[in-house]
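Take the given structure of chain A and dock chains B and C to it, following the hints.
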Amino acid sequence: MNRVEQTKAALEAIFPVEEQEQNESTQVAAEEAVENEPSIERQTGVITTPFEKHGSHLDVLCEPSQVVDIAVILDENDFFLESIAGVDWLKKEQLEIVYDYARYDHDQCRVTVRASVPRSKPVVPTISLVIPGANWHERETFDFYGIIFEGHPDLTRILLPEDADFFPLLKDYMP
Amino acid sequence: METSIWRPILYLVGIMAFAGLNAAYLGWCERKGAARIQRRVGPTEVGFAGLLQPLADGIKLMSKQLIVPQGVDGIIFRVAPVIAMIPAITSMVVIPFSGDIQGRAMELSVLLIFALASLSMIAVLLGGWASGNKYAIISSARAVSQNLAYEIPMLLTVIAIVMISGSMNLRDIAIDQQGGFWHWNIFRFENGHFLYMWIGFIIFFICSLAETNRAPFDMAEAESELVAGYMTEYGSMGFGLFMMGEYLNIVVGACLTVTLFLGGWDCPFGKTPGVWWFLLKIYVLIFTVIWVRWTYPRTQIYRLLNLSWKILIPFSLVNVLVTAALIKVF
Amino acid sequence: MTLPVELRHDETFVLNLGPQHPATHGVLRVKLTMDGEYIVKAEPVLGYVHRMHEKLAEVAPYAQFMPNTARMDYLHALAFNHGYALVVEKAAGIEVPERAEYIRVITVELNRIASHLLWWAAFLLDLGGFTPLLYAFDDREHVIDLLERITGSRLTYCYMRFGGVYNDIDDEFITGTRDFIKRLRSRMPSLYHDLVTHNIILIKRIKDIGFISAEQCRKYGATGPVARGSGIDYDVRKNEPFSVYPELDFDVPVYDECDSMARYMVRMDEMEQSLRIIEQALDKLPDGPVQAKVPKILKPEAGYYYSAVETARGSLGHRLVSDGGKNPYKLKLRSPTFSNLSLFGEVAEGMLLADALAFMGSLDLVIPEIDR
Numbered sequence: 005m006n007r008v009e010q011t012k013a014a015l016e017a018i019f020p021v022e023e024q025e026q027n028e029s030t031q032v033a034a035e036e037a038v039e040n041e042p043s044i045e046r047q048t049g050v051i052t053t054p055f056e057k058h059g060s061h062l063d064v065l066c067e068p069s070q071v072v073d074i075a076v077i078l079d080e081n082d083f084f085l086e087s088i089a090g091v092d093w094l095k096k097e098q099l100e101i102v103y104d105y106a107r108y109d110h111d112q113c114r115v116t117v118r119a120s121v122p123r124s125k126p127v128v129p130t131i132s133l134v135i136p137g138a139n140w141h142e143r144e145t146f147d148f149y150g151i152i153f154e155g156h157p158d159l160t161r162i163l164l165p166e167d168a169d170f171f172p173l174l175k176d177y178m179p
Numbered sequence: 014m015e016t017s018i019w020r021p022i023l024y025l026v027g028i029m030a031f032a033g034l035n036a037a038y039l040g041w042c043e044r045k046g047a048a049r050i051q052r053r054v055g056p057t058e059v060g061f062a063g064l065l066q067p068l069a070d071g072i073k074l075m076s077k078q079l080i081v082p083q084g085v086d087g088i089i090f091r092v093a094p095v096i097a098m099i100p101a102i103t104s105m106v107v108i109p110f111s112g113d114i115q116g117r118a119m120e121l122s123v124l125l126i127f128a129l130a131s132l133s134m135i136a137v138l139l140g141g142w143a144s145g146n147k148y149a150i151i152s153s154a155r156a157v158s159q160n161l162a163y164e165i166p167m168l169l170t171v172i173a174i175v176m177i178s179g180s181m182n183l184r185d186i187a188i189d190q191q192g193g194f195w196h197w198n199i200f201r202f203e204n205g206h207f208l209y210m211w212i213g214f215i216i217f218f219i220c221s222l223a224e225t226n227r228a229p230f231d232m233a234e235a236e237s238e239l240v241a242g243y244m245t246e247y248g249s250m251g252f253g254l255f256m257m258g259e260y261l262n263i264v265v266g267a268c269l270t271v272t273l274f275l276g277g278w279d280c281p282f283g284k285t286p287g288v289w290w291f292l293l294k295i296y297v298l299i300f301t302v303i304w305v306r307w308t309y310p311r312t313q314i315y316r317l318l319n320l321s322w323k324i325l326i327p328f329s330l331v332n333v334l335v336t337a338a339l340i341k342v343f
Numbered sequence: 009m010t011l012p013v014e015l016r017h018d019e020t021f022v023l024n025l026g027p028q029h030p031a032t033h034g035v036l037r038v039k040l041t042m043d044g045e046y047i048v049k050a051e052p053v054l055g056y057v058h059r060m061h062e063k064l065a066e067v068a069p070y071a072q073f074m075p076n077t078a079r080m081d082y083l084h085a086l087a088f089n090h091g092y093a094l095v096v097e098k099a100a101g102i103e104v105p106e107r108a109e110y111i112r113v114i115t116v117e118l119n120r121i122a123s124h125l126l127w128w129a130a131f132l133l134d135l136g137g138f139t140p141l142l143y144a145f146d147d148r149e150h151v152i153d154l155l156e157r158i159t160g161s162r163l164t165y166c167y168m169r170f171g172g173v174y175n176d177i178d179d180e181f182i183t184g185t186r187d188f189i190k191r192l193r194s195r196m197p198s199l200y201h202d203l204v205t206h207n208i209i210l211i212k213r214i215k216d217i218g219f220i221s222a223e224q225c226r227k228y229g230a231t232g233p234v235a236r237g238s239g240i241d242y243d244v245r246k247n248e249p250f251s252v253y254p255e256l257d258f259d260v261p262v263y264d265e266c267d268s269m270a271r272y273m274v275r276m277d278e279m280e281q282s283l284r285i286i287e288q289a290l291d292k293l294p295d296g297p298v299q300a301k302v303p304k305i306l307k308p309e310a311g312y313y314y315s316a317v318e319t320a321r322g323s324l325g326h327r328l329v330s331d332g333g334k335n336p337y338k339l340k341l342r343s344p345t346f347s348n349l350s351l352f353g354e355v356a357e358g359m360l361l362a363d364a365l366a367f368m369g370s371l372d373l374v375i376p377e378i379d380r
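Protein chains in written order, with the working numbering: chain A, 5 to 179; chain B, 14 to 343; chain C, 9 to 380.
Simulated from the structure, these hints should not be mistaken for laboratory data.
A virtual CB, placed ideally from N, CA and C, is assigned to each residue, including glycine.
Between beta-carbon pairs, the in silico distance windows are:
(1) C/Asp-291 with B/Pro-281: 56 to 62 Å
(2) B/Ile-135 with A/Phe-170: 50 to 56 Å
(3) A/Arg-7 with C/Asp-291: 31 to 37 Å
(4) C/Thr-205 with A/Arg-7: 34 to 40 Å
(5) A/Gln-47 with C/Pro-294: 44 to 50 Å
(6) C/Thr-205 with B/Met-29: 42 to 48 Å
(7) A/Lys-125 with B/Lys-77: 58 to 64 Å
(8) C/Ile-305 with B/Glu-58: 51 to 57 Å
(9) B/Met-29 with C/Leu-163: 47 to 53 Å
Listed below are several chain B residues computed to face chain C (Cβ distance under 8 Å; list not exhaustive):
(10) Arg-53
(11) Glu-236
(12) Thr-308
(13) Arg-311
(14) Thr-312
(15) Gln-313
(16) Ile-314
(17) Tyr-315
So that you can see chain A by itself, here it is in the shape it has in the complex (with noise of 0.2 Å):
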């Protein structure tokens, strides 16, 4: 588990001191969230997580503005992007796009990083500058939840028709 400490460690230099202490104060209390309700619940910052439950072994809660700089870490770190995935939280008001990261390594460690946008404004900045791969990945997501990627070279319908007007995958499209 060196490789999933050592990433850790990178990955909290992100997040304000005070804040980290308060993590590891309530990591335990985190952790056992993660088992019994939706880990939304908690706040900003990178815990451990059960590999062989959750299929991950980091989960990064982040503001959206910091999704980038953790983007430059994790690439400096030799991970690679497995994937962005968007969650329509209607009834909380938000969207959620998940990250998923991972290396070509048998020293595995996967890591998840999520930001929560407001559904009345979805605006994160793009990390497909840092990440040249996350260019197709963040424009399906802006197809299927409208999502703007702020910054991207080419934010445009992916796998919908050019001229599709809505986003399927919200909660509240209807077809």
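Below, chains B and C alone, put in the same frame as chain A:
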């Protein structure tokens, strides 16, 4: 020479029949051959062993509408398939099938055949250009550069043959090789020297594959890249004529190879020369062509041109020089 | 390959490769800006077979999505079955009987061989070799017949269940599989390698063509044979062992040449490794049930789940978000060729059209999987 009116008519009908039959049945042979190579059975339904398949195909193609798409150059588009057929049939006139069977024994028949072979390239160029399709234009550009590149080594090899035989008449060249396979140009001894003409033969065979757009040199109709190349926009008999022209070019190429290198109608053992030997030889060659096509993947356009300009042309030049030196100097 | 001419960006034309084109194996469209036969810019246009499977997953209970998984990568459908079963089992905490795991591995590996055989055939078809297609289909037919016997379908399987598999395998399947292993092993060197791999035309066509560096692979998230052909030792079966793969002894072929030939060789070697896996799994096959007791309606606890499997084309990820309901709240499919294809534009720049198509063939694209 005393000529009756019947002789040209007879030869005209005979040559047309030979050309038509070959164009139709080589398609069948190709399908059967490909099927055998690929562990299939090929056409079986129409007639015995699918022998009537070419007829069915012909009827189908002829009954289809000739679609001239919008935006094409109408006249050239219609004329191109005809131009593809004409030179191939015309070439048959000078080919000596045996000592007695030949449409016309011209003095410069070798030259005539090569002139006509270049014409079929024009058909490809016109067809591709007139189609106004980007794939077709790329294809015809490829076809032209390929044909140009391969005509040179082909002609250079023929020059060596002409030097040996001392004639540009195909009939004379064939007569010069009578009397068993050791007299054939491919195993030619001259002045007590072995002439290594088998190198020339290989060059000539490769070139004829490339000239007739056959795999592995079928760059012009590389269907995984260019859909159907210059034939993309053609349907019905326009496509049919292109296909038939292509098969006829293979037949002409085989006839030429047999006449130039393999002794024409000569029996390998010097016993019973005749037209059957000629036919046997050309069909063996054609089978080889089909066999090669269904065995090898396609090469690449720039490798193809490199092969011609960097390997075949220097080799054929050396071949001409060595032959000339062996015949005349030593 | 070095460019013999300097590309001129002012005299270009746009060539639409697809959506209906013999080389795109489906309905992929690539918008090529060409300068003669040289590609100045290549821009894949996706979505022609998009069916919104992710929405379909959200509107039905967990079990009902299983048949959909096979409709994406129709060549390696069982791996998609497996991946989806694994993520739901992970979320719902279902234990799978050991025999079922072995059967899953055997069938998935058989399917992988079938997929690689078809890739091989289609790749050679892209290069203008017709005959290998028929030989590969001949062998593939045996695999398909074997799988049809136990799964009931030939292409779009729905064989896996949460907590096991739908049907037990029988002795006839086992002997048939052993015969197939023998058959493919005997045909591999003579037919596949002597006829095709060692063919000079093929080697010249794909060697040093389509160079993808390891760094490019990482930047674009390429996985599977594409990454392994670039010297990256990454195979989910080894790196992140799932199912019973840790108990089986197999190698991960890795080639450092980064070209199309390396990707070709990776897949050819993988077929042999799959045979090894099947052989061992058949030897070790335990007795027991093939299906665990699983409640009719699954309600996994709320949370985020991720599970990856190795398909014939790379790492397939399922990102499952559950809100505790009986339907998946969100199911994101991370399809390997989506990431692999995103490389295409960058690598194809400056290539000849014919080389670009050979390169595209070496990526092993399955379009419904990209478009989902």
